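Chemist: Below, each chain spelled out in residue letters.
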Amino acid sequence: MLGLIGKKVGMTQVFDERGILTPVTVIKIESNVVVAERTIDKNGYSSCVIGAVDVKKKHVTKPYAGQFKEICDPKKHLVEMRDFEADVSIGDVLGVDFFKDIAFVDVEGTSKGKGFQGAIKRHNFSGGRATHGSKFHRGLGGTGMAASPSRTFKGTKMAGRMGNAKTTIQNLRVVKVDEDKKVLMVKGAVPGPSQSMVIVKKAKKK
Amino acid sequence: MDVIKAIELEQQKENVENFRIGDTVKIYFKIIEGQTERVQIFEGLLLAMKNSGVRKTMTVRKMSYGVGVERVFPMHSPRIEKIEVVRKGRVRRAKLYYIRDRVGKAAKVRELIRKKSTTAKK
Numbered sequence: 000m001l002g003l004i005g006k007k008v009g010m011t012q013v014f015d016e017r018g019i020l021t022p023v024t025v026i027k028i029e030s031n032v033v034v035a036e037r038t039i040d041k042n043g044y045s046s047c048v049i050g051a052v053d054v055k056k057k058h059v060t061k062p063y064a065g066q067f068k069e070i071c072d073p074k075k076h077l078v079e080m081r082d083f084e085a086d087v088s089i090g091d092v093l094g095v096d097f098f099k100d101i102a103f104v105d106v107e108g109t110s111k112g113k114g115f116q117g118a119i120k121r122h123n124f125s126g127g128r129a130t131h132g133s134k135f136h137r138g139l140g141g142t143g144m145a146a147s148p149s150r151t152f153k154g155t156k157m158a159g160r161m162g163n164a165k166t167t168i169q170n171l172r173v174v175k176v177d178e179d180k181k182v183l184m185v186k187g188a189v190p191g192p193s194q195s196m197v198i199v200k201k202a203k204k205k
Numbered sequence: 000m001d002v003i004k005a006i007e008l009e010q011q012k013e014n015v016e017n018f019r020i021g022d023t024v025k026i027y028f029k030i031i032e033g034q035t036e037r038v039q040i041f042e043g044l045l046l047a048m049k050n051s052g053v054r055k056t057m058t059v060r061k062m063s064y065g066v067g068v069e070r071v072f073p074m075h076s077p078r079i080e081k082i083e084v085v086r087k088g089r090v091r092r093a094k095l096y097y098i099r100d101r102v103g104k105a106a107k108v109r110e111l112i113r114k115k116s117t118t119a120k121k
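Sequence order for the protein chains is A and B. So in numbering that gives the first Met the number 0, spot 64 of the first sequence is number 63, and the numbers just go up one at a time. So in numbering that gives the first Met the number 0, spot 85 of the second sequence is number 84, and the numbers just go up one at a time.
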């Protein structure tokens with residue numbers, strides 16, 4: 000898995016190489032630092048720990064700051080990437096140019112919280128008729144069977160808290176990599192509000 | 000938001016807007032057919048301009064064999080080679096949608112003729 004930590008800046012539109020106006024999400028990727036490496040000999044699996052966004056040393060606990068020690072300033076976000084396919088070592092700084100040769104990416108983020116929502120919005124239930132004597136409007140409908148099993152199964156789709164969960168959008172096309180602005184542009188929307196942290200990974204299925 | 004503004008500004012053409020609503024304009028639009036590229040001219044009345052920044056569009060209407068045809072062009076599109084003003088129109092509205100309901104002579108826009116003396120006074 001190849002990936003870096005970025006910040007969702009927002010959405011806009013750009014003209015692509017064919018002159019077609021394309022909706023894009025702008026993701027800012029500032030210097031990501033390789034903070035640690037896990038190896039099969041030592042840890043039983045291989046991975047790469049990447050940190051991004053500087054924080055002041057006084058704002059973090061000593062044990063947290065201890066991870067960075069001589070490598071760099073403490074970072075706000077730390078993400079462990081399993082089986083990092085690029086050849087990197089501790090202390091390496093990775094930037095947007097990392098995505099130069101990558102055509103498609105998966106973007107992972109925390110979706111916007113929607114609060115307590117009904118089953119129609121949360122699970123795309125259909126709902127009933129509004130008029131013509133209908134007494135069933137936006138309810139759930141049945142949640143189980145009868146005397147056997149005489150209980151509702153776990154995991155039945157019902158109303159509840161929606162959003163604010165880890166969400167991955169797959170196969171977003173990379174429209175542009177701008178090294179001056181340290182910005183990556185991908186076609187389409189990305190989960191979460193603007194200014195939130197996202198993880199941009201090389202597409203798994205492309 | 001600064002990054003987004005900078006990205007949008009990069010794509011905007013400079014001094015594209017040398018025309019106004021009500022003008023008859025000629026739009027040289029590049030069309031890509033497989034490998035070949037050619038320029039198609041669309042001439043008509045500028046009905047409306049919408050949105051702002053890179054998203055700014057213009058609606059152009061013409062009569063083609065007695066049928067009204069309207070096309071919306073993104074103003075900053077790289078596929079627009081140039082825009083020529085054929086005739087200046089005198090209108091009192093920013094959106095000329097009323098033209099759609101008019102037939103014949105009533106669908107015309109009066110030509111704007113600026114007297115030299117009045118412009119000199121200003």
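Simulated from the structure, these hints should not be mistaken for lab results. Careful: at least some of the hints might be erroneous.
Unchecked claim - With a cut-off of at most 25 Å between alpha-carbon atoms, the simulated SDA-like pairs for lysine to any residue come out as follows:
1) K75/A with H58/A
2) K156/A with G138/A
3) K4/B with L20/A
4) K186/A with T167/A
5) K49/B with E13/B
6) K4/B with K156/A
7) K6/A with I89/A
8) K180/A with I3/B
9) K186/A with V71/B
10) K4/B with G9/A
Claimed, not checked - Here are some chain A residues pointing at chain B (derived, C-beta under 7 Å):
11) V8
12) G9
13) A64
14) F67
15) I70
Being a predicted model, the structure only gives us computed values, none of them experimental. Glycine included, each C-beta is placed from N, C-alpha and C at the ideal position.
Chemist: Each of the hints needs a verdict: does it hold here or not?
Modeler: Hints, verified against the model:
| no. | hint | in the structure |
| --- | --- | --- |
| 1 | K75/A with H58/A | 10 Å, holds |
| 2 | K156/A with G138/A | 12 Å, holds |
| 3 | K4/B with L20/A | 16 Å, holds |
| 4 | K186/A with T167/A | 14 Å, holds |
| 5 | K49/B with E13/B | 18 Å, holds |
| 6 | K4/B with K156/A | 42 Å, violated |
| 7 | K6/A with I89/A | 23 Å, holds |
| 8 | K180/A with I3/B | 10 Å, holds |
| 9 | K186/A with V71/B | 23 Å, holds |
| 10 | K4/B with G9/A | 11 Å, holds |
| 11 | V8 | 5 Å, holds |
| 12 | G9 | 5 Å, holds |
| 13 | A64 | 30 Å, violated |
| 14 | F67 | 27 Å, violated |
| 15 | I70 | 28 Å, violated |
Checked against the numbered hints above, the structure violates hints 6, 13, 14 and 15; every other hint is satisfied.
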